[in-house]
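2 protein chains.
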Amino acid sequence: MDLRRREFAALMLGGASALSLAGRADAQSDRESDPLPSWHAGPAKDAIVKFVHATTDAASPAFVPPAERVATFDQDGTLWVEHPIYTQIVFAFDRVPQVVKERPELADEPAFKAVLSGDRELIASLSMEELLSLVGATLTGMDVETYRDEVAAWIQDARDPRWNRPYTDLVYQPQIELLQYLRARGYRTYIVTGGGQDFVRAYSEPVYGVPPEQVIGTMFGLGFQPRADGKSVLVREPKLLLNDDNAGKPEGIHLVIGRRPQFAFGNSTGDRQMLEYAEAGGGPRLAMLVLHDDGEREYAYGPARGLPDSKIGTFPQSLYDQAMKDGWTVVSMKSDWKRIFAFE
Amino acid sequence: MDLRRREFAALMLGGASALSLAGRADAQSDRESDPLPSWHAGPAKDAIVKFVHATTDAASPAFVPPAERVATFDQDGTLWVEHPIYTQIVFAFDRVPQVVKERPELADEPAFKAVLSGDRELIASLSMEELLSLVGATLTGMDVETYRDEVAAWIQDARDPRWNRPYTDLVYQPQIELLQYLRARGYRTYIVTGGGQDFVRAYSEPVYGVPPEQVIGTMFGLGFQPRADGKSVLVREPKLLLNDDNAGKPEGIHLVIGRRPQFAFGNSTGDRQMLEYAEAGGGPRLAMLVLHDDGEREYAYGPARGLPDSKIGTFPQSLYDQAMKDGWTVVSMKSDWKRIFAFE
Numbered sequence: 001m002d003l004r005r006r007e008f009a010a011l012m013l014g015g016a017s018a019l020s021l022a023g024r025a026d027a028q029s030d031r032e033s034d035p036l037p038s039w040h041a042g043p044a045k046d047a048i049v050k051f052v053h054a055t056t057d058a059a060s061p062a063f064v065p066p067a068e069r070v071a072t073f074d075q076d077g078t079l080w081v082e083h084p085i086y087t088q089i090v091f092a093f094d095r096v097p098q099v100v101k102e103r104p105e106l107a108d109e110p111a112f113k114a115v116l117s118g119d120r121e122l123i124a125s126l127s128m129e130e131l132l133s134l135v136g137a138t139l140t141g142m143d144v145e146t147y148r149d150e151v152a153a154w155i156q157d158a159r160d161p162r163w164n165r166p167y168t169d170l171v172y173q174p175q176i177e178l179l180q181y182l183r184a185r186g187y188r189t190y191i192v193t194g195g196g197q198d199f200v201r202a203y204s205e206p207v208y209g210v211p212p213e214q215v216i217g218t219m220f221g222l223g224f225q226p227r228a229d230g231k232s233v234l235v236r237e238p239k240l241l242l243n244d245d246n247a248g249k250p251e252g253i254h255l256v257i258g259r260r261p262q263f264a265f266g267n268s269t270g271d272r273q274m275l276e277y278a279e280a281g282g283g284p285r286l287a288m289l290v291l292h293d294d295g296e297r298e299y300a301y302g303p304a305r306g307l308p309d310s311k312i313g314t315f316p317q318s319l320y321d322q323a324m325k326d327g328w329t330v331v332s333m334k335s336d337w338k339r340i341f342a343f344e
Numbered sequence: 001m002d003l004r005r006r007e008f009a010a011l012m013l014g015g016a017s018a019l020s021l022a023g024r025a026d027a028q029s030d031r032e033s034d035p036l037p038s039w040h041a042g043p044a045k046d047a048i049v050k051f052v053h054a055t056t057d058a059a060s061p062a063f064v065p066p067a068e069r070v071a072t073f074d075q076d077g078t079l080w081v082e083h084p085i086y087t088q089i090v091f092a093f094d095r096v097p098q099v100v101k102e103r104p105e106l107a108d109e110p111a112f113k114a115v116l117s118g119d120r121e122l123i124a125s126l127s128m129e130e131l132l133s134l135v136g137a138t139l140t141g142m143d144v145e146t147y148r149d150e151v152a153a154w155i156q157d158a159r160d161p162r163w164n165r166p167y168t169d170l171v172y173q174p175q176i177e178l179l180q181y182l183r184a185r186g187y188r189t190y191i192v193t194g195g196g197q198d199f200v201r202a203y204s205e206p207v208y209g210v211p212p213e214q215v216i217g218t219m220f221g222l223g224f225q226p227r228a229d230g231k232s233v234l235v236r237e238p239k240l241l242l243n244d245d246n247a248g249k250p251e252g253i254h255l256v257i258g259r260r261p262q263f264a265f266g267n268s269t270g271d272r273q274m275l276e277y278a279e280a281g282g283g284p285r286l287a288m289l290v291l292h293d294d295g296e297r298e299y300a301y302g303p304a305r306g307l308p309d310s311k312i313g314t315f316p317q318s319l320y321d322q323a324m325k326d327g328w329t330v331v332s333m334k335s336d337w338k339r340i341f342a343f344e
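Those protein sequences? They're chains L and Y, same order as listed. Taking the numbering used here, I'd label the letters of the first sequence as residues 1 to 344. Taking the numbering used here, I'd label the letters of the second sequence as residues 1 to 344.
Calculated directly from the structure, the hints in this document are not laboratory data. Be aware that one or more of the hints could be misleading.
For identical chains, the list gives no copy identity; a pair is met inside one copy or between any two copies.
Unchecked claim - Straight line, CA to CA, 27 Å or less: simulated DSSO-like cross-link-like pairs of lysine-lysine:
#1 Lys325 - Lys101
#2 Lys231 - Lys338
#3 Lys311 - Lys50
#4 Lys239 - Lys311
#5 Lys325 - Lys239
#6 Lys239 - Lys338
#7 Lys50 - Lys239
#8 Lys231 - Lys113
#9 Lys101 - Lys334
#10 Lys101 - Lys311
#11 Lys325 - Lys231
#12 Lys231 - Lys50
#13 Lys101 - Lys113
#14 Lys101 - Lys239
#15 Lys50 - Lys325
#16 Lys334 - Lys239
#17 Lys231 - Lys334
#18 Lys50 - Lys113
#19 Lys334 - Lys113
#20 Lys338 - Lys101
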C-alpha cells in the first residue's frame, strides 16, 4: 500500500485515529522491510539481504535447509572495538598485580615487568607472543566457573578510556542488527574468535544473543580435579589446545560445528582462512570483511587502501585484493554504517 | 478411560467402526502416557520419568530452563553394541589393505601385521595402544568431507557377523526412545564418545537424530590445505588433539558446549568422569550406567557383579560401588529393557 492509498483509506475510515493507526502499521512495516536500519543502502547491505532471501526462501534454487544455516563471526574488530588493544588483554593486564602477588617470580618476565611499570611505550612495544604468554599466565589456574564469574564481574566494571563506557557498549550496532536478522531467518550465529573461548562466553549471551555452545575461540587444556568438598571441577591449564586464529578458525569450526558456514564475517588477516573455508563450500555463500576506515567515529587502520598500519587487526592490501578477486564484500565503516554504536 | 468404559462408549456409538476408533485412540494415548515402551517398569524407568518431570515442569522447584537442558550419552556400549570390538576398529581393519598399498612400510607394524594375517587370536591380543595407532594411521590423511563419505558408504554395507545386520541396526531401542523423549521435553541430546568425532558424525543424524554439532568425540588435528582446484579443505592429521575418554569427556563437553550436563549416561569406566562432572553441578541431575548383564540377547561383561571381565567397555566393581554410593542409576539390560533391538 503506497502513501496516497493509505491516506485515502484513513480518510475513508474517518479521521485522526485511523491515520494514527495507519502510521503505526507503517512503522511496523518499515521495520519489517528494513531489518538493518543502521546500514546505509549500498552494495554491502544489498549483498546481505539478497543472500538471506536466496538461502531462506523455500522457492529459491539456492535454498539452504534450516539445519545447515550457519553464520560465523569474528569478534574483535568485527563485532566490537579492538583498538587500541584487545579487551581480553586489558583484562589480563588488570590481573597482573594479583597474579604477581601469588607468583612473585613472574615479575621478572618482560611482559609483566612492562605492565607493572605502567610505561605505555614499553607496553606498546610488547610482541604478540609476549602478550600471549602473559595471557597464559594470568588467565589460567582457576576452574572454568570461577573464571567465568571473574570475567563477568570485570567486564561490568571496566571502562574503555576513550568513550568512558563499558567495553560491551562498544559493540557495533549494525552487526547486532545483522545477528538478529540472521537468527530471525533461521541462521545459527556463531562467534569464532582468536580471543579466549571462555572469556567471550562470559558475556556473549546478553551482549550478542550468542549462547556458550555457539562460541568458538582459543582453547586451553582443562584438567579434571577434585575440590575440597569432593566435587570435581575443570581447571584451566596453561596449555594451548587450539589457537583459533588463521587456519585455526576453520579447524575450530569443524571441531565444534562439523559444518561449513554459509556466511562468514571477519575484519583482518586472521579471518582469511575462515572466509576461504566458507566460500569453498560452493553454492550460496557470503564472505564479508569490515574495513576500519573511520578514524572519527571509531579507528582507521589497514594498511589496505593507504590506511595506517596496525599490529592489532591488520587488514593488509593483499587481503583487500583477494576479497576483490574472490567476490568477497568489504564493508566500509565510514560509508556503509549509518550508526556505529547504539549510544550514538 | 478404562477398557470397560471405552467398550461401553463404543457400543453406545454403535458397532465395529467406533470400537476400532476407540482402539486407535487408546494406542495413541498409551504412547503418550508411556514414552518409553521398551523399558520395563522399575527404578531405572522411574528415575528417568521423575527427572524429566522435575526439570521440565515450570511449576517444579527443580525446573531447568530449556537453554540449559543438556543430556550427554556415551555411544559404544551405551547407545549401540560395542562387542566383540568397537565398530570404528572394524572400519579401520577394513581399510588396512588399501592403506598398506599406499604406504607399504606400515605392513611391518604389529597391528597391521596382525590384521593382514587374519589371525583372530593375534588380533585379539593387540593392546588398545596398538589399535589406536592403527586407527591413527588408517583414518587420517584425507579431507573431512571425503572421510565422512567413506564412513557413510562403509557403514551402509558392513555387517555385524553375529546378527548379520548393519551395525546401525544394533542400536538399543530403549535408548532411541529415551533420546526422543528427552528431545520432546526440550533437552538437547549430545553424544560424547571415545570414538572418533567425525566417524560418529557420518551417521549420527539418521541413526540417533543427533546432528553433527552435537557429537563430541576424540578429535584429530586438522590441516587447512589448498586443493588442486584452488579450493581449500580440512585434512585429518595423525595428531591427537583430544582423547575424549575418561577426564577427556568433561573436557570435550566444556570445549564444545560450555555447559554442565543435567543428565549423563554411560556404561564403562571411561564414562566415570563425565558422570561425576554432571553430578557435581548440584540440583537436579541424573547419572546412569548400562550394565551389560544379558549374554543371551546381547553380551555379558563387567567385571562388576561377577560378570566376565572385558577389555572393551570395562565396568569394574569399583564403578558399581561408586554408583551405589553416589546415587547413580545402574540399568540392567536383562531386567530393565523389554526389548533391546528394534528388529526383535
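Here's how the hints hold up against the structure:
In this assembly of identical chains, the alpha carbons of Lys325 and Lys101 never lie at most 27 Å apart, being 53 Å within a copy and 41 Å across copies at closest. With identical chains, the CA atoms of Lys231 and Lys338 are never at most 27 Å apart, being 51 Å at best within one copy and 35 Å at best between copies. Taking the closest pair of Cα atoms, Lys311 and Lys50 never come within 27 Å of each other, the shortest separation being 34 Å inside a single copy and 56 Å across copies. In this homomeric assembly, Lys239 and Lys311 come within 27 Å of each other (Cα to Cα) only inside a single copy, at 25 Å, whereas the closest approach across copies is 31 Å.
Proximity of Lys325 to Lys239 under the C-alpha cut-off of 27 Å is found in neither arrangement, the shortest distances being 38 Å within a copy and 34 Å between copies. Neither within a single protomer nor between protomers do Lys239 and Lys338 lie at most 27 Å apart by alpha-carbon distance, with minima of 43 Å and 47 Å respectively. Taking CA atoms no more than 27 Å apart as the test, Lys50 paired with Lys239 passes in neither setting, with 43 Å inside one copy and 41 Å between copies. Taking CA atoms no more than 27 Å apart as the test, Lys231 paired with Lys113 passes in neither setting, with 37 Å inside one copy and 45 Å between copies.
Taking the closest pair of Cα atoms, Lys101 and Lys334 never come within 27 Å of each other, the shortest separation being 45 Å inside a single copy and 58 Å across copies. Taking the closest pair of Cα atoms, Lys101 and Lys311 never come within 27 Å of each other, the shortest separation being 30 Å inside a single copy and 48 Å across copies. In this homomeric assembly, Lys325 and Lys231 come within 27 Å of each other (Cα to Cα) only across copies, at 14 Å, whereas the closest approach inside a single copy is 55 Å. In this assembly of identical chains, Lys231 and Lys50 lie within 27 Å of each other by CA distance solely across copies; the values are 24 Å between and 52 Å within a copy.
Proximity of Lys101 to Lys113 under the C-alpha cut-off of 27 Å is restricted to the intra-copy arrangement: shortest distance 13 Å within a copy versus 57 Å between copies. In the homo-oligomer, the alpha carbons of Lys101 and Lys239 lie at most 27 Å apart inside one protomer (22 Å), although the nearest pairing across protomers, at 38 Å, exceeds that limit. For the homomeric pair Lys50 and Lys325, the shortest alpha-carbon distance inside one copy (20 Å) is at most 27 Å, but the shortest distance between copies (59 Å) is not. Proximity of Lys334 to Lys239 under the C-alpha cut-off of 27 Å is found in neither arrangement, the shortest distances being 40 Å within a copy and 44 Å between copies.
Within a single copy, Lys231 and Lys334 get their C-alpha atoms no closer than 52 Å, and across copies no closer than 32 Å, so neither meets the 27 Å cut-off. For the identical chains of this complex, Lys50 and Lys113 are neighbours neither inside a copy (52 Å) nor across copies (57 Å), given an alpha-carbon limit of 27 Å. Taking the closest pair of Cα atoms, Lys334 and Lys113 never come within 27 Å of each other, the shortest separation being 38 Å inside a single copy and 65 Å across copies. Taking the shortest alpha-carbon separations for Lys338 and Lys101, neither the intra-copy value of 47 Å nor the inter-copy value of 61 Å comes in at or below 27 Å.
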